[in-house]
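K.L.:
Here the structure of chain A is known, so what remains is to put chain B in place on it, guided by the hints.
There are 2 protein chains.
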Amino acid sequence: MIAPYNCVVVANGTFPQTALPLRLLREASVVIACDGAVQALHDAGITPTAIVGDLDSIQPRFRELYAGRIHIVEDQEINDLTKSVRFACQSGEKEVLILGATGLREDHTLGNISLLADYASLFDRVEMLSDYGIFTPIRQTTTLDSHPGQQVSLFSLSPCGRITTSGLRWPINDRQLTAWWQGTLNEATGDSFTITLSPGSPVLVYRTL
Amino acid sequence: MIAPYNCVVVANGTFPQTALPLRLLREASVVIACDGAVQALHDAGITPTAIVGDLDSIQPRFRELYAGRIHIVEDQEINDLTKSVRFACQSGEKEVLILGATGLREDHTLGNISLLADYASLFDRVEMLSDYGIFTPIRQTTTLDSHPGQQVSLFSLSPCGRITTSGLRWPINDRQLTAWWQGTLNEATGDSFTITLSPGSPVLVYRTL
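Residue numbers (the numbering used here), protein chains in the order written: chain A, 589 to 797; chain B, 589 to 797.
These are calculated hints, taken from the structure and not from any lab test.
None of the values given here were measured: they were computed from a predicted structure.
Treat the hints with care, as some may be off.
Some chain A residues close to chain B (C-beta under 8 Å, calculated; not the full set) [what the hints assert, rightly or not]:
1) Asn667
2) Thr690
3) Asp695
4) Ser702
5) Phe743
The beta carbon of each residue, even a glycine, is placed where N, CA and C say it ideally should be.
The following block holds chain A by itself, in its conformation from the complex (with noise of 0.2 Å):
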């Protein structure tokens, strides 16, 4: 269902645990830890090619062993998330694939979250991958591949957005969705299906896996 990424980026939620993001970690060329995910890759096996952030809550001894792969950026502005992000970008990625962003603390999942439609305009690709499921941030109107009886929930980032779907068992049609919840636990009913959007209103499409 995913087509590989040439890069990863690791942030500092729940390590992934099953095949799917296990698989595209192993097989990215470019891994990149946000600060203390260094611990989880390394435990996993993992070299990472870059480690970035502010470097607070990484041990001595990765210090050291990764002494030439560590690139601190402090700024109190922003999260260790779009830290990494940020310089996958100005490491000329145009696909990133970010896993270990949710699970854990509440705040740094919805924080992490809602930053991925920030990442949109940086880049060709870029999805937030889970071991339930997959964020995946458009701006326009899209076409998602599924599969019938597939879970979908969609969560409008800009309440004055107009949504309407087709291909979803219960259809929205031209509706602002204001709350969280209300675009959530709908249902592919075929091998895709078609979010159509108000310009400038961003939505994350969730499909679980």
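P.N.:
Same frame as chain A, but now just chain B:
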């Protein structure tokens, strides 16, 4: 920090693992299981007072064991958490603590967190607690307990609402929080902090434990 609750609703996300939520669960007189959460409660040696939902995801043996405690609610428009919370309200509960509402599927996590704001009008006190932090919905200017250095995040559920804070390290001054991440990763400076809201603009306050 958290006064005991008479009623705890256990949703079907990650079952609590840490001392505080488990203590509040064991001290509650009324424990309502959202559908499949009965399994985790049973494994923890806790008998639910009631099991509420469409009961899609409950094992036949629990249907028999807890036959007199099962309340089937068929309604495609609301999720199992809302069914259980409404059951608590109809049972006369005035204060409800929600556990197990986050973790696992991110669409459920986002939906459940946003629904907490809707539940605020049903009770004198309602909060959502995980192993990492607690969400408190506020509908008017409110002062909350804290400890110096405690991480605090604010999530605006009405992007038009304006927010002012005192007692936080990075003050917010009559500002709209249009993206979910904009109010995250703040920090209490003392034993309490105050959020001032414009009317009709609910906010979820997250404090780490």
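K.L.:
State for each hint whether it applies.
P.N.:
The hints, checked one at a time:
Below 8 Å, beta-carbon pairs count as interface contacts, and asparagine 667 (chain A) has one with chain B at about 7 Å; its hint therefore holds. Hint status for threonine 690 (chain A): holds, given a least beta-carbon distance of 5 Å to chain B, under 8 Å. Interface hint at aspartate 695 (chain A): satisfied, since its Cβ lies 4 Å from the closest Cβ of chain B, which is below the 8 Å cut-off. Because the smallest distance between the Cβ of serine 702 (chain A) and any Cβ of chain B comes to about 4 Å, under 8 Å, the interface hint for this residue holds.
With 8 Å as the threshold, the beta carbon of phenylalanine 743 (chain A) comes within range of chain B, its nearest partner Cβ sitting at about 6 Å, so the hint holds.
The structure meets every hint from the earlier list without exception.
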